[in-house]
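Peer 1: Here is what each chain is made of, one letter per residue.
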Amino acid sequence: MVRVSEMAIVLCYFVLVLAIGLYFRNRRSADEYWSAGGSIGTFVNSMAIFAAFASGGTFLGAIGIVYALGVPLWWAAAVGSVVGFLVAAIFVAKPLRRLEQHTLPDIFDYLYADSRINLIAPAIILVGYFMYMVAQLRAGGLVSDYLLGIGYLPAVTAIGLVFIAYVALGGMWAITVTDFLQGVLMWGLLAVIWLISFDYFGYSMSAPLSEAPRVAGTGGLEMQTYIGFALIWAFAVAVLPHIAMRAFSAKSPESAKRAYAWVALMYILVTLPFVHIAGAAISIDPELAEADYALLLVMESILPELVAGFAAATILAAVMSSTDALLLAMAAAVSNDLYGNLVDTDASEERIVNMGTVAVVVIGLLGIIAAWNPPTYLVELYTDGTGLMAAAFFFPLVLGIWWKPMNRYGATTGMVGGALAYAVAYFYTPMFGAIIYAVPVSLVCCVVATWLTDARSAERIEQLSDELGHDRFGW
Amino acid sequence: MINTNRYTWIVMAQHTKSESGETASSVETSGWFYLDPVSKLMVAGCILGLLVVYVPVLYSAELTVGDLPWMFVSKPIVGLGLASSFVGATYYVDFKREGGD
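Here the protein sequences come in this chain order: V and X.
The first sequence begins at 1 in the numbering used here and counts up one residue at a time.
The second sequence begins at 1 in the numbering used here and counts up one residue at a time.
None of these hints come from the bench; they were simulated from the model.
Be aware that one or more of the hints could be misleading.
Result set (DSSO-like, lysine-lysine): computed pairs, CA atoms no more than 30 Å apart in a straight line [claimed, not checked]:
1) 404/V / 251/V
2) 251/V / 96/X
3) 40/X / 96/X
4) 40/X / 251/V
5) 40/X / 404/V
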C-alpha cells in the first residue's frame with residue numbers, strides 16, 4: 001500500500017533537485033559542466049564529496065554487513081577509506097587541481113599522451129562504474145519498495161529518471177549543489193537514527209555489545225576479506241573518477257586537499273554509530289532474510305511516521321548523490337575522454353558537452369534497465385567495481401605524478417596487468433581478496449616496463465615538476 | 001627571538017624551487033619528486049595504522065582486548081587518530097605559515 005505522507009516528502013525532494021538542475025541548465029561550457037568552473041569552496045566541496053562517497057551502500061549495505069557479519073568488517077572499509085582519502089590528499093589532490101583538467105583520463109592523457117591509455121582508462125571506468133551505479137539503484141529501489149510501498153520496478157525507474165534529468169541539465173554544478181544538500185540531509189538522518197538507537201539501549205555505550213554480541217564479532221570470515229576490504233578503499237579513493245572530478249572543481253589546490261582531509265574525518269565519524277543502529281536491528285529481529293533491510297527495519301520500528309518519511313527521502317538522497325556523480329563520470333568517459341581525446345581531437349567544446357548530455361541519458365537508462373534485475377549483494381557488487389579501478393589506476397597515476405622515470409609503457413602495462421590480475425584473482429580468492437594480489441602485480445608491471453623502455457626526458461621531467469607543482473609548497 | 005617551533009614546522013612542510021637548485025640541464029632523471037617531511041610522516045602513519053590493525057590478528061585471529069575482538073577495538077581508534085591528526089596538521093601548518101604563534 002502506498003504511504004501518502006512519506007510519498008509526499010519524497011516527491012517534494014524530487015521537485016527540489018529537479019529545480020536545482022533547471023537552475024543550472026545554462027552552465028554549458030566544458031569547464032562549468034564537468035568541473036563547476038573550479039570554484040567550489042572547501043566546506044561545500046567536503047560535504048559534496050562526503051555525499052558522493054557515502055552512498056546508499058554506506059547506509060543500507062553497511063548496516064546490513066554489520067547486522068550479518070559484525071562491525072569489524074565494515075570498519076575495515078572505513079579505516080581503508082580514511083587511509084585512501086589521506087593518500088589522495090597527499091599524493092594527488094593538489095597536482096590534479098593544478099592541471100586544470102576535467103576528468104581522470106584527461107590526467108592520464110596529460111601524463112602519458114598515449115592512445116592505448118586513452119582507450120583503456122575510460123573503458124575500465126565504464127565497466128567499474130556501471131556495476132557501482134546498478135548497486136546504488138538497487139539500494140534506492142529497496143528503500144522505496146520497503147518504505148513507500150510503490151514496488152521495486154516503479155521506484156528504480158522514477159529515481160533513475162529524476163537523477164538523469166538533473167545531471168543532464170545542470171552537470172557538475174547541479175551535482176555539487178544537490179550533493180551538498182544531500183550531505184546535510186544524511187548527517188541529519190544519521191544523528192536522528194543514532195539518537196533513537198542510543199535511546200533504545202538506554203543511552204549505554206556497551207549495551208549493544210551485551211544484547212547483540214554478534215555486532216562486535218568477526219563473522220567467521222577469512223582474514224583476506226578484512227585486509228582486502230580495507231585495501232580496496234585505501235587504493236581506490238585517489239583514483240575514483242567521481243572523487244577526482246571534485247578535486248578539479250575545488251577553488252584551489254589547497255582547498256582540494258583540505259576537502260579530502262575533512263571527508264576522511266567525516267567518514268570515520270559517520271560509521272561509529274553503526275554499532276548501535278545494527279545492534280537495535282538485531283534486537284528487534286535477529287533473523288532478517290535480507291540483511292540489507294536492517295536499517296529499514298530500525299527506521300520502521302522506532303522512528304515516528306513523519307521522521308520515517310524524511311529518512312526515506314534521505315536514503316534516496318544518499319543513493320542519488322552517489323549515482324549522479326557516477327553518471328557524470330561515465331558520461332565524461334564517453335564524450336570527453338573516448339570521443340574528445342581519441343575519436344575527434346578537434347571536436348568543439350560545445351559538441352563534447354552536448355555529447356555528454358546524450359551520454360548521461362543513454363547510460364542512465366541502461367543503468368535503470370540493469371537495475372530491474374540486479375545481482376543480490378549490494379556491497380560486494382560496488383566494492384568489486386571499485387577494486388577493479390583501484391588495481392588498474394592507482395600506481396599508473398601515483399607513479400606518473402611522483403616517480404620521475406615513469407613512462408607510458410609502464411602505465412599501460414600497469415593498467416592492463418592490474419585489471420587482469422584483479423579479474424583472475426576474483427575467482428580464486430575469498431570476497432574482496434583479489435586486491436591483495438592485483439595491486440602488487442600492477443606495481444611490478446609499471447616498474448619493470450618502465451625500466452625496460454626509455455625513461456622520461458629531462459625536459460619532460462622539468463615540465464612535469466613545474467606544472468604539477470612539485471617545486472611549490474609541499475604540504 | 002626566533003620561534004623555533006614555528007620555524008621547524010614551516011621547514012618541514014615546505015620547499016621551494018630555489019632551494020632545490022635544479023636547472024633544466026641538471027635535472028635528475030631518476031628517483032622521486034620531492035615530498036615534504038610532514039607528508040612522509042603522514043604516509044608512514046597510514047602504513048603503521050594498517051599494520052597495527054592487521055598484524056596482530058595475522059598471528060592470532062581471535063585476539064581480544066578486554067573481551068572485545070582486536071579488530072573491533074583497533075579500527076575506530078586508528079581511523080580517528082589518522083583522520084584527526086591529518087586535519088589538525090593541515091590547519092596547523094597553514095596557521096604557522098601565516099604567522100600564527
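Peer 1: Each hint should be assessed against the structure and marked as holding or not.
Peer 2: Cross-check of the supplied hints:
1. 404/V / 251/V: 28 Å, holds
2. 251/V / 96/X: Holds, because 22 Å separates the two Cα atoms, which is no more than 30 Å.
3. 40/X / 96/X: 19 Å, holds
4. 40/X / 251/V: 25 Å, holds
5. 40/X / 404/V: Between residue 40/X and residue 404/V the Cα gap is close to 18 Å, so the pair holds against 30 Å.
Hint violations for this structure: none, all hints satisfied.
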